[in-house]
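Those protein sequence lines, which keep their order, are chains A and B.
Position 153 of the first sequence, counted from 1, bears residue number 153 in our numbering, the numbering being contiguous throughout.
Position 117 of the second sequence, counted from 1, bears residue number 117 in our numbering, the numbering being contiguous throughout.
Errors might be hidden in some of the hints.
[What the hints assert, rightly or not] Within a straight-line C-alpha distance of at most 25 Å, the following computed DSS-like cross-link-like pairs (lysine-lysine) qualify:
1. A:Lys286 to B:Lys422
2. B:Lys2 to B:Lys283
3. A:Lys422 to B:Lys80
4. B:Lys422 to A:Lys283
5. B:Lys80 to B:Lys69
6. A:Lys106 to B:Lys97
7. B:Lys80 to A:Lys106
8. A:Lys80 to B:Lys106
9. A:Lys95 to B:Lys106
10. B:Lys53 to B:Lys66
11. A:Lys422 to B:Lys286
12. A:Lys53 to A:Lys66
13. B:Lys284 to A:Lys422
14. B:Lys95 to A:Lys97
15. B:Lys106 to A:Lys97
16. B:Lys279 to A:Lys422
17. B:Lys422 to A:Lys279
18. A:Lys7 to A:Lys19
19. A:Lys66 to A:Lys80
20. B:Lys422 to A:Lys284
21. A:Lys80 to A:Lys95
[Stated by the list, open to error] Anything over 10 Å on all C-beta distances counts as not near chain A; from chain B, calculated:
22. Ala26
23. Gly33
24. Lys53
25. Gly56
26. Ala63
27. Ala289
[Claimed, not checked] Label-pair restraints from in silico Cβ distances:
28. B:Asp27 to A:Arg18: 26 to 34 Å
29. B:Glu308 to A:Gly72: 38 to 46 Å
30. A:Asp44 to B:Ala280: 48 to 56 Å
31. A:Thr5 to B:Arg94: 45 to 53 Å
Just so you know, these hints were derived from the structure itself, not from any lab.
Cβ atoms here follow ideal geometry from the backbone N, Cα and C, with glycine treated the same way.
There are 2 protein chains.
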Amino acid sequence: MKILTKKREIDDFLGTLRKRGEGVSADVVNNTGNILASVRRGGDRAVRRYTRKFDGHGVLRLAPSKIKKAAGEADAEVVKALRLAARRIRRFHRKQKERSWSFAEKGARLGQIIRPLRRVGVYVPGGAAAYPSTVLMNVIPAQVAGVDEIAVTVPTPGGRLNPHVMAALRLLGVEEVYSIGGAQAVAALAYGTESIAPVDKIVGPGNIYVATAKRMVFGTVDIDMIAGPSEILVIADSSARPDFVASDLLSQAEHDPLASSVLVTTSRVLARAVEEELKAQIKKLKRNATARSALRRYGAAIIERSLEEAAEVSNAIAPEHLEIMTRNPRRLLPRLRNAGAIFLGSWTPEPIGDYAAGPNHTLPTGGTARWASPLGVYDFVKRSSLLEFTRQGFLGLASPVERIAEAEGLGAHVASVRIRRKA
Amino acid sequence: MKILTKKREIDDFLGTLRKRGEGVSADVVNNTGNILASVRRGGDRAVRRYTRKFDGHGVLRLAPSKIKKAAGEADAEVVKALRLAARRIRRFHRKQKERSWSFAEKGARLGQIIRPLRRVGVYVPGGAAAYPSTVLMNVIPAQVAGVDEIAVTVPTPGGRLNPHVMAALRLLGVEEVYSIGGAQAVAALAYGTESIAPVDKIVGPGNIYVATAKRMVFGTVDIDMIAGPSEILVIADSSARPDFVASDLLSQAEHDPLASSVLVTTSRVLARAVEEELKAQIKKLKRNATARSALRRYGAAIIERSLEEAAEVSNAIAPEHLEIMTRNPRRLLPRLRNAGAIFLGSWTPEPIGDYAAGPNHTLPTGGTARWASPLGVYDFVKRSSLLEFTRQGFLGLASPVERIAEAEGLGAHVASVRIRRKA
Chain A
1 MKILTKKREI
11 DDFLGTLRKR
21 GEGVSADVVN
31 NTGNILASVR
41 RGGDRAVRRY
51 TRKFDGHGVL
61 RLAPSKIKKA
71 AGEADAEVVK
81 ALRLAARRIR
91 RFHRKQKERS
101 WSFAEKGARL
111 GQIIRPLRRV
121 GVYVPGGAAA
131 YPSTVLMNVI
141 PAQVAGVDEI
151 AVTVPTPGGR
161 LNPHVMAALR
171 LLGVEEVYSI
181 GGAQAVAALA
191 YGTESIAPVD
201 KIVGPGNIYV
211 ATAKRMVFGT
221 VDIDMIAGPS
231 EILVIADSSA
241 RPDFVASDLL
251 SQAEHDPLAS
261 SVLVTTSRVL
271 ARAVEEELKA
281 QIKKLKRNAT
291 ARSALRRYGA
301 AIIERSLEEA
311 AEVSNAIAPE
321 HLEIMTRNPR
331 RLLPRLRNAG
341 AIFLGSWTPE
351 PIGDYAAGPN
361 HTLPTGGTAR
371 WASPLGVYDF
381 VKRSSLLEFT
391 RQGFLGLASP
401 VERIAEAEGL
411 GAHVASVRIR
421 RKA
Chain B
1 MKILTKKREI
11 DDFLGTLRKR
21 GEGVSADVVN
31 NTGNILASVR
41 RGGDRAVRRY
51 TRKFDGHGVL
61 RLAPSKIKKA
71 AGEADAEVVK
81 ALRLAARRIR
91 RFHRKQKERS
101 WSFAEKGARL
111 GQIIRPLRRV
121 GVYVPGGAAA
131 YPSTVLMNVI
141 PAQVAGVDEI
151 AVTVPTPGGR
161 LNPHVMAALR
171 LLGVEEVYSI
181 GGAQAVAALA
191 YGTESIAPVD
201 KIVGPGNIYV
211 ATAKRMVFGT
221 VDIDMIAGPS
231 EILVIADSSA
241 RPDFVASDLL
251 SQAEHDPLAS
261 SVLVTTSRVL
271 ARAVEEELKA
281 QIKKLKRNAT
291 ARSALRRYGA
301 AIIERSLEEA
311 AEVSNAIAPE
321 HLEIMTRNPR
331 RLLPRLRNAG
341 AIFLGSWTPE
351 PIGDYAAGPN
361 HTLPTGGTAR
371 WASPLGVYDF
381 VKRSSLLEFT
391 RQGFLGLASP
401 VERIAEAEGL
411 GAHVASVRIR
421 RKA
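If we strip away everything but chain A, and leave its shape as in the complex, we get (with noise of 0.2 Å):
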């Protein structure tokens, strides 16, 4: 890992972070396009089609009994451990609930509703990466909305289902689950098909193909966003542990070449420390490719004069994991603007978030902190504005709408106001 000391260093590097896995080949936009457009048209035999070519068989929907048999197979360890994470989950994401609500004013009623989307999916990946920690983040938010009916789809390549996220979909009740994957199982979702009835938003993460179907897709249903690869910035000082700093950065860089993990320090001796422990435990991980090769290319420690500076940094790179390990890491709160979630102290290490503390684990990353936020209740919900006035309070805003409109040049708005005003 690379110690970075001058601005234009640093500039560069953050320059680098931006760039990070920017564009979509033309190739991959092309058959993603050709197999949403196949399975608009074609529905269930194109979905049965492109399935039994990138997975091997050719079903579609998961029969209860199946769903039931791979459960059983799952550790009895792991199973109470998901239950355990998705009560905390469950209690978290209840405090996300708004409520409706109007005020009365003389003459009108104006209000907002609160309503959760009928029909959602969730896109769950399967095959090498299938996580029953995606389950329980994309499903449990989406039920405290009310969400009516929730469609599973997780490949299951050569037919095998993955007993752990059999297990959490049984634990969350979760009855609809498609075992299709990639740009087909969007298309479906988006589009319906005779036997899979389209959906009004996608969520959940997966590979180049469906995130591209997803950004496709886009506005015939809604998506939650277009996951990058995951990033962790950790703000530390002479305080800090260079052990655990140094597992919190791997914990990220085994996830994707692509994933960056970030230390900003006021104390070059941590750096080198860090940098000393990052050599020692890579060697023991399985993935010490992949964290290697991310740690090379998107892996930094930054030295800034103060912490002021250093939260600085943080804002502008906005990570997905912002660690803090600092001898007072609340103090800092007020100037960190841009982060998915926040983790003070060293006792909170960012895997902790990732599975079991209650918080959503499904973040912004690509700098898009700046702007967007954690998946949450409220990405499962939508609002509509109430009105209703009185003859009487009508009147009194009559004369101000007529004449803005007329302003506008909106003749039949006029009218609209002028023939009640002579009723």
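Position chain B relative to chain A; hints supplied.
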């Protein structure tokens, strides 16, 4: 306006509505892409070049004295109306403010921090369709959210400033105003130039070039939504006044030949009377050619047997504006799932919501009310999750976190927990 009674006719019409405004020509996409690329490369010089070409002047930032002078030419009664509207819009949007929260449990504190976006760009159309109400509806929610910097772009073809738009900017205290428009304005806001700092989010309506540019820069910055043609749907029974209904249908039809005006009613008598009224009222409109074209293609009266069935048709269309003119409008409310704004009763015509009632007039179109919300304060804030564990709190969750991380095959996640357990 056609009267539809048969299920097949109605389904065909819904299909026509859905396809309305679908697709953007390759020319528009290419031209917009070129403009974005030149501004990204060329900065101010490129913006000036396009502004000279399209608007006939080379001014970027409007001097306060010029804004003041133009605002001085505004009609005093209109300015008074805008001031009243601004007050009411601000009061309504204040109710949308959300607060950060956190809660403690044994060994942990968890929460959600809500922060305003730092810098936002508001695109205000210029020329023929320069609307002061656009300024109020886009700037006020950002101000209520607490956005630090609001930059407005408003093209001024031929260098002519719209007095009412300038008056609206002045009464809200907006000082950073650029007299640029089109894709070049969107590019300047997204990428920044020597004299225009980049923003975090771009909001506001615009023509097809502006909409296409917003779609293309999404990801570099956030955008509000892609506004489609305007829509109104009126649910009415035999108690409704045909002249009121007709005038409200026309108030949307005058906007755009692609606008849609739909009556859904249980009364064939009302449908016929509305048809007569439309014929009579449309003659008096200045924009009657536009309204006529919109009504012919995207206007219809749909006859349903019950108000419940009428509500289902409305839910399927998910209109931008939904008016309820029935004997007991409130009774229908629980059945109305999808609508940008709901106007209850005969004395709540849609134009009152466009200007002065208080709720936002930027509403989801094209069926997106199934998942999208009116523009609001929530569009100008973002959330960060907050996690803080003590050593004891951490140890209580360490084992389940390790189990799940192991099941997902993420060794560095396991190590980050284990290294602390052993510490």
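Straight-line alpha-carbon gap lysine 422 of chain A to lysine 286 of chain B, limit 25 Å: The given pair, whose Cα atoms are some 20 Å apart, holds under the 25 Å limit.
Restraint status (C-alpha distance of lysine 422 of chain B to lysine 283 of chain A at most 25 Å): Holds - the C-alpha atoms of lysine 283 of chain A and lysine 422 of chain B are around 19 Å apart, at most 25 Å.
C-beta pair aspartate 44 of chain A, alanine 280 of chain B: status relative to the range 48 to 56 Å that was hinted: Because 51 Å falls inside the window, the suggested range holds.
Glycine 33 of chain B and chain A, when compared Cβ to Cβ, separated by more than 10 Å: holds, 14 Å
Straight-line alpha-carbon gap lysine 286 of chain A to lysine 422 of chain B, limit 25 Å: Since the Cα atoms of lysine 286 of chain A and lysine 422 of chain B sit roughly 20 Å apart, the hinted pair holds (cutoff 25 Å).
Restraint status (C-alpha distance of lysine 53 of chain A to lysine 66 of chain A at most 25 Å): Judged against 25 Å, a Cα distance of about 22 Å means the pair holds.
C-beta pair aspartate 27 of chain B, arginine 18 of chain A: status relative to the range 26 to 34 Å that was hinted: holds, 31 Å
Satisfaction of the hinted span 45 to 53 Å by the C-beta atoms belonging to threonine 5 of chain A and arginine 94 of chain B: holds, 46 Å
Pair hint lysine 422 of chain A and lysine 80 of chain B, alpha-carbon separation not exceeding 25 Å: holds, 23 Å
Status of the stated non-contact between alanine 63 of chain B and chain A (beta carbon gap over 10 Å): Nearest chain A Cβ is 24 Å from alanine 63 of chain B, so the label holds.
Hint consistency between lysine 106 of chain A and lysine 97 of chain B [alpha-carbon to alpha-carbon, up to 25 Å]: Answer holds: lysine 106 of chain A to lysine 97 of chain B is near 23 Å, not above 25 Å.
Pair hint lysine 2 of chain B and lysine 283 of chain B, alpha-carbon separation not exceeding 25 Å: This hinted pair holds, its Cα atoms lying about 18 Å apart.
In the structure shown, no violation is registered for any of the earlier numbered hints.
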